[in-house]
Amino acid sequence: MIRVGAAAEAPPFDQLARVALSNEQTRRNVRHATDVIRAKRDAAVAELPDWERLRDAAHAIKEHVVSHLDEYLEQFEERCAAAGGVVHWARDADDANQIIVDIIRSHDGREVIKVKTMTSDETRLNVALEAAGIAPYETDLADLIIQLGDDRPSHIVVPALHRNRMEVRALFAEKMQLPGLGSEPGDLTAAARDFLREKFLRVPIGFSGANFAVAETGSVCVVESEGNGRMCLTLPRVLITLVGIEKVIPTFADLEVFLQLLPRSATGERMNPYNSIWTGVSALDGPGEFHVVLLDNGRTRVIADADARDTLDCIRCGACLNACPVYRQTGGHAYGSIYSGPIGAILTPQLQAMEHSRSLPYASSLCGACYEVCPVKIDIPAILVHLRNRLVESGNAPVGERVAMKAAAFAFGSATRFEAGQKLARIAQRPFEEDGWLPRLPGPLAGWSLSRDLPAVPAESFRDWWARRETAPTKPEGSP
Amino acid sequence: MLISLFITCYNDTLFPETGKAVVRVLERLGHRVEFRREQTCCGQMHANTGYGRDALALMRHFLAVFRDADLICVPSASCVAMIRDQYPRLAAHAGDARLADEVNELLPRIYELSELLVDRLGVTDVGATFPHAVTLHTSCHAIRSLRAIEQPLRLLQAVRDLTLSDLPGRTECCGFGGTFSIKNAAVSTAMLDDKLGCVLATGARVCTATDNSCLMHIGGGLRRKASDVTCLHLAEILAHDRPDRPGTP
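Those sequence lines, one after another, are chains A and B. Take the first sequence: its position 424, counting from 1, is numbered 424 in my numbering, and each next residue is one higher. To get my numbering, take the position in the second sequence, counting from 1, and add 1000.
Hints in this document: simulated from the structure, not taken from any laboratory. Quick caveat, the model's predicted, so the values are computed rather than measured. Beta carbons: idealized from backbone N, C-alpha and C, even for Gly. Wrong hints could be hidden among the right ones.
What the hints assert, rightly or not - Counterexamples of contact, computed for chain B against chain A with all Cβ distances above 10 Å:
#1 LEU1002
#2 ARG1037
#3 ALA1097
#4 ARG1098
#5 LEU1099
#6 GLU1102
#7 LEU1106
#8 SER1165
#9 ALA1186
#10 ASP1193
#11 ALA1201
Claimed, not checked - Here are some chain A residues pointing at chain B (derived, C-beta under 10 Å):
#12 PRO11
#13 ASP14
#14 PHE195
#15 ARG197
#16 PHE200
#17 ARG202
#18 GLY280
#19 GLU355
#20 SER364
#21 PRO381
#22 SER414
#23 PRO444
#24 THR471
#25 ALA472
#26 PRO473
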């Protein structure tokens, strides 16, 4: 079954957004964190004189990959296998989870340490592991916070962005049984280190996601800040990596482009503190057994839509989330998906064949801030509009809206009808008018009146004024 | 020069004063203005809400109305963005090469008001006087599609007696977004509240923009909060030319 976390069961965006907006603490946390990251990102980007050319290059590489995906995936499989890796193909989430559970079972594993796990959140791997009696331990600090708090990630790069230091302290104190824990960053990282290192040294099976898979060499690349990923990738005897098929890039040299764009866009760093790149297995170092699971889970059908396939260019930097005025108000949980913000609004519904998460393409004012910062130049506003069209054309728009839009289109179809519509509006507004304003609108327009008055339609339209001016012997007031 | 005015549907209906002001400014500069009564709507609301077929029909209507107009002035950055960004896409989608050619021929003739004045006509001082404190909201479409950020600023800087104050958070969306303001009213309101805070922090008496859609949103919010700050389209400030009659902010 194709699945994007629990998105299929999520309530619509506006409903979740209202819940999110009522939580003042979370809103402050989200605002503060996105402000900080955004400022760092802007400064780091401004350092590179060729930023726009890097964006163009990345877009060109990704566009090329998406249109030759079959070739590059087969090349990756061949090269990875030649270096001692085992490549598995997973059609959907259940398929991938089963493959991973089977590998762990074949080693009689009861536990697994995990890092970079967003794609596994997509497949809900942890649920499948627990059902199979296998305990997953998240080792990325933010993912650990999410797991211990039985919480959901709210950001692509900074999953626990909605939590502040005090909340994390309280959580660690309770779950790690450290009642005297301090709240300084050093206290919290020390507690996490003690908690995690025991697992790094004990658990023999590791799991990771990937940022890039290099077809030319069969290598896999993971970038991170903490070093916990490096532990996860090197200490276990068996390593399993789950990779969305769109993560493949043609050559090792292409990393030059992406490893400049990604850290600057994601965290405002010039480079990531840890860049792990490995190719198959080697006899004297690291895991002795390495599996790659290549995941489709709806991606090939995204490719089938030429107007929206750029969605798959995403390198999961999260810059569009930090820039988005909607995300900055609501945080990530309002999107009902592990993929939140503008990219989530186009990716989540498409992976699910537009059968779920249908409110998400409308969760944007189309302000364009996402497109402006996207390091691979995904025209997210254009794709949002395209997806809205798909929803309307497949009969998924509310009836009232369809009728209103048809009526408006009919009225705008000729000046005569438009002018009749203007007259009609003047009559229709009478019961609602107060001093030239409409403070309370009826029915489906009531949302506007939540916080705004609407100016009433004045007695004379511009066109009527113009007609009067043209025919009057002396020009009326307002003319020079 | 003969300038054809595309007033836009909502300016025509809700903000006729903006249209009158555009006419006054252009005529004061010695140009002739024409208004083609067959014009209606550019199709932006339909296009952005997902009704591309209807938007396509409105685009065809627009093209027919303005086919032989040499210079088209549009006092709305978002309608210009619709025409520049979405008309080519609508034509491509329709798979109609002649339509695409017509759109290509149209685009160089389309100017947002501040673009027309500054870039095409080479004017920044239009002879206006406006003795009030003003702040400029630059709409998302003006910033990211038209990149018409400097033009309105330069026009305002040349207005006599006008005090211009910078709007904090100037690149942030006001939360209007057309049908977004109704479909996601709560989020739109939260975005508006931030914008209103910024507008009020400037101490300006007037908030202006090259888009009455944003101003309708900001102005509607200000009125709800019983603020005495007024929203006025840039054209209405530029039209003020009599220091003895200081206007209505």
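Going down the list of hints, with the structure as the test:
1. Under the 10 Å C-beta cut-off, the non-interface status given to LEU1002 (chain B) relative to chain A holds; the minimum distance is some 15 Å.
2. Chain A draws ARG1037 (chain B) into its interface by the beta-carbon criterion, the shortest separation being 6 Å against a cut-off of 10 Å.
3. No beta-carbon of chain A comes within 10 Å of the beta-carbon of ALA1097 (chain B); the shortest separation is about 18 Å.
4. For ARG1098 (chain B), the condition that its CB be more than 10 Å from all CB atoms of chain A holds, with the nearest at approximately 21 Å.
5. With a least beta-carbon separation of about 17 Å from chain A, LEU1099 (chain B) lies farther than 10 Å from that chain, consistent with its non-interface assignment.
6. Non-interface call for GLU1102 (chain B) relative to chain A: holds, since the shortest CB-CB distance, roughly 18 Å, exceeds 10 Å.
7. Once the 10 Å rule is applied to beta carbons, LEU1106 (chain B) is consistent with being away from chain A; the minimum gap is 18 Å.
8. For SER1165 (chain B), the requirement that its beta carbon stay farther than 10 Å from each beta carbon of chain A is met, with the minimum near 22 Å.
9. Annotated as non-interface, ALA1186 (chain B) brings its C-beta within 10 Å of a C-beta of chain A; the closest such distance is 5 Å.
10. Annotated as non-interface, ASP1193 (chain B) brings its C-beta within 10 Å of a C-beta of chain A; the closest such distance is 7 Å.
11. The claim that ALA1201 (chain B) is not at the interface with chain A holds, since no C-beta of that chain comes within 10 Å of its own (minimum 17 Å).
12. Because the smallest distance between the Cβ of PRO11 (chain A) and any Cβ of chain B comes to about 14 Å, over 10 Å, the interface hint for this residue is violated.
13. Restraint check, ASP14 (chain A) versus chain B: the minimum CB separation of about 5 Å is within 10 Å; hint holds.
14. Residue-level restraint check for PHE195 (chain A) is violated (minimum Cβ-Cβ distance to chain B is 37 Å; threshold 10 Å).
15. With 10 Å as the threshold, the beta carbon of ARG197 (chain A) stays out of range of chain B, its nearest partner Cβ sitting at about 42 Å, so the hint is violated.
16. At a threshold of 10 Å, the smallest CB-CB gap from PHE200 (chain A) to chain B is about 42 Å, leaving the interface hint violated.
17. Nearest Cβ of chain B to the Cβ of ARG202 (chain A): about 46 Å, over the 10 Å cut. The hint is violated.
18. The interface hint given for GLY280 (chain A) is broken, as the beta carbon of that residue sits about 45 Å from the closest beta carbon of chain B, more than 10 Å.
19. About 17 Å separates the beta-carbon of GLU355 (chain A) from the nearest beta-carbon of chain B, more than 10 Å, and the hint is not met.
20. Of the supplied interface hints, the one on SER364 (chain A) holds, with its beta-carbon coming within about 7 Å of a beta-carbon of chain B, less than 10 Å.
21. With its C-beta approaching chain B no nearer than about 9 Å, PRO381 (chain A) sits inside the 10 Å limit, and its interface hint holds.
22. The closest approach between the C-beta of SER414 (chain A) and any C-beta of chain B is roughly 7 Å, which is under the 10 Å cut-off, so the hint is satisfied.
23. Satisfaction of the interface hint for PRO444 (chain A) is found here, the shortest Cβ-Cβ separation to chain B being roughly 7 Å, below the 10 Å cut-off.
24. Taking 10 Å as the C-beta cut-off, the interface hint given for THR471 (chain A) is violated, the closest approach to chain B being about 12 Å.
25. For the restraint placing ALA472 (chain A) at the interface with chain B, the shortest Cβ-Cβ distance is roughly 14 Å, beyond the 10 Å limit, so the hint is violated.
26. For PRO473 (chain A), the interface hint is violated, the least distance from its beta-carbon to any beta-carbon of chain B being 18 Å, above 10 Å.
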